[in-house]
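Start from the sequences, fold in the hints, and give me the full structure.
Residue numbers (the UniProt record's numbering), protein chains in the order written: chain A, 1 to 159; chain B, 1 to 433.
Everything labelled a hint here was simulated from the structure, so no lab data went into it.
There's no promise every hint is true.
[Said to hold, decoys possible] Straight-line distance between alpha carbons at most 27 Å, and here's what the computed BS3-like set of lysine-lysine pairs gives:
| id | chain 1 | residue 1 | chain 2 | residue 2 |
| --- | --- | --- | --- | --- |
| 1 | B | 371 | B | 412 |
| 2 | B | 167 | A | 126 |
| 3 | B | 376 | A | 120 |
| 4 | A | 124 | B | 171 |
| 5 | A | 44 | B | 124 |
| 6 | B | 307 | B | 270 |
| 7 | B | 311 | A | 120 |
| 8 | A | 66 | A | 120 |
| 9 | B | 371 | B | 270 |
| 10 | A | 16 | A | 77 |
| 11 | A | 124 | B | 154 |
| 12 | B | 171 | A | 126 |
| 13 | B | 247 | B | 406 |
| 14 | B | 171 | A | 120 |
| 15 | B | 265 | B | 406 |
| 16 | A | 124 | B | 167 |
| 17 | B | 154 | A | 120 |
| 18 | A | 116 | B | 174 |
| 19 | B | 171 | A | 116 |
| 20 | B | 124 | A | 120 |
| 21 | A | 116 | A | 66 |
| 22 | B | 311 | B | 328 |
| 23 | A | 124 | B | 124 |
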Amino acid sequence: MQFISQDDLTFNINNKALKYCTKVSNTNLEVIKFAGINSNILRKVIQYCEIHQDDVSIPQISRPFKSNLIYDIVNFKDANFITSIDFQEISQIIQAAELLGIDTLVDLSCVYIALKIRGKSSEKIKLLFKANKPQTDEEDQRQRDIDDSAKGQRIQIFD
Amino acid sequence: MLQTINQVPKQVLLEFYNLNKLQVQYLYDVLDSDIDILYRVLYNIKRPELIDKLIDELKYQNQQQGLLKSMTYGNLKELKNFLKQRVSYEKLINSLEKLNIEEEKQKLQALEVQERPIVQQDSKFLELPPYIHLLIMDFLDPYSLHTNRLVCLKMNEIFNNPQISDKFYQKFCKALFDQIEIKPTIISPFEKTRKYINENLHLYEQQLQLINEINQNPSQTIWNNWGNAQEQIINYQELRLQYQSHKDMYDQQLRLNYCGIYAMKEYYIKYGEAQFQQSSAPCYRVDFFRYIRFWRDGTFTMFISSKKLTKQEIIEYFQYPEIAIIPKQGNQKQMQFEECFLRGEYRIVIDEVHVIAARQSTTFSYIYKIKNYKNKHPGNVLLLQSGQMHTLGDNYRQDIVDNSKKKHFVYKHLEEFRQELHDELHGWKNVVY
Chain A
1 MQFISQDDLT
11 FNINNKALKY
21 CTKVSNTNLE
31 VIKFAGINSN
41 ILRKVIQYCE
51 IHQDDVSIPQ
61 ISRPFKSNLI
71 YDIVNFKDAN
81 FITSIDFQEI
91 SQIIQAAELL
101 GIDTLVDLSC
111 VYIALKIRGK
121 SSEKIKLLFK
131 ANKPQTDEED
141 QRQRDIDDSA
151 KGQRIQIFD
Chain B
1 MLQTINQVPK
11 QVLLEFYNLN
21 KLQVQYLYDV
31 LDSDIDILYR
41 VLYNIKRPEL
51 IDKLIDELKY
61 QNQQQGLLKS
71 MTYGNLKELK
81 NFLKQRVSYE
91 KLINSLEKLN
101 IEEEKQKLQA
111 LEVQERPIVQ
121 QDSKFLELPP
131 YIHLLIMDFL
141 DPYSLHTNRL
151 VCLKMNEIFN
161 NPQISDKFYQ
171 KFCKALFDQI
181 EIKPTIISPF
191 EKTRKYINEN
201 LHLYEQQLQL
211 INEINQNPSQ
221 TIWNNWGNAQ
231 EQIINYQELR
241 LQYQSHKDMY
251 DQQLRLNYCG
261 IYAMKEYYIK
271 YGEAQFQQSS
281 APCYRVDFFR
291 YIRFWRDGTF
301 TMFISSKKLT
311 KQEIIEYFQY
321 PEIAIIPKQG
331 NQKQMQFEEC
341 FLRGEYRIVI
351 DEVHVIAARQ
361 STTFSYIYKI
371 KNYKNKHPGN
381 VLLLQSGQMH
391 TLGDNYRQDI
401 VDNSKKKHFV
411 YKHLEEFRQE
421 LHDELHGWKN
431 VVY
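Given below as structure tokens:
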């Protein structure tokens, strides 16, 4: 199958990796366009699916947590995958994973956010939520327009 | 030698009550006892710290330190003549006004650099749908949930969602009222009594002897002997039936505090002997202090001291449930130090706390009532209701408490104990979740 991102870049996926994308795998389509997902993020979501291509099933995360490190709670591959992502992009990854229907990615990212919040004062959490990249007002407006137009048509199907 | 001084009138001292009397007197004398100039100077000085700056400025204007050191009003005339040559009063007042301007400028700069509050459009994290925030908050422990709630308005709205808020209070109530399984590795505080029971069975009450043969658990035998079978011990599942929501349970149910100590001051009267050629005997009032810390296991430690303990000593003695070993003291002092400690078990019965402690051949039992005094901190006062004592070889129990005197413990919260609630060795993880 082929996925097309917001920036008109195409990505190819195997049928093995598609088994985790529950909302998309049952259909018999070949090309799907996602107008609400950026190319950088689509690339990483597909990378996650290809990591777990050969695994039979991903184990669920148990509560309570044993420690404050991700490497003690989750697999080594998953921990490496998540620590390589910027904290500001995780919210976009969650949105992309919802569209595709990957529940384990959503749980993973929520665990990562919860571990960062845990044990900190409210002032430090404010610094985490703030956007660190200095964007100009024009770029903000451009991105907001794209997102608003894409809310109406998230998925477009081309046969 | 003191000279006759023109004292500052009382009106001035009352208006400027913040300032030091001697400093005002010094200024009054330097300014030739002119009240108008004094007022002009003092209105420009808004804080007592600026008077010290004034005095430092006079130092830097090439004055001899010996003159300033003679602040005993012995050589004031020379000082005044010396100052008149160098300093004009207008310059003094101008310099003071400049100081105030600098402070006002700094205040204005601080007002401009206020932090902008977080707006929803700034962070994409806050734009996520609420069911994802639900997932994140499921993973958090109650303390970090509370700090997360205080970040901004949107997080507070998400928290007030009944699904999350109910789970939050449920976690707290479980941590406070649920029973924890005691690990078998921990030594129970009744081992000493166990030895004496097994060695001197013929001296004990007949009930204890029989019960001890059936079950060799000394804590259970003692509770069966000292407690009533009809008492209802606090249980989380029973409380759940009484209250409609977990928030009501958290607000209304009386509870003990584990992150600090309870302290009480007591006294007893001691009668002495009359000396030679005295008709009456002296009597003394002896004050002493008691400190208790309750642990989540069901045990407690009490320390009895004649002096009031400092904060560091409290942290040393009550950091761990075992009795503290202080290597600075020698062996003899360590033995005396250990005798001041009492280790025992407690149980909560609706409003009251039943406490039993054993030391060598005596057992003490007290009943305290939990109260929320002045709505400062829930469970911050323990009223002493009754107390009994039993020694080896006796067939009776002795009452220790006089109900005429109302004695109470007061709670003191210490932040240094909070980290131990997350410790692994003592099994405090159950408190967090």
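- Broken hints, by number: Violated hints: 9 and 13; rest satisfied.
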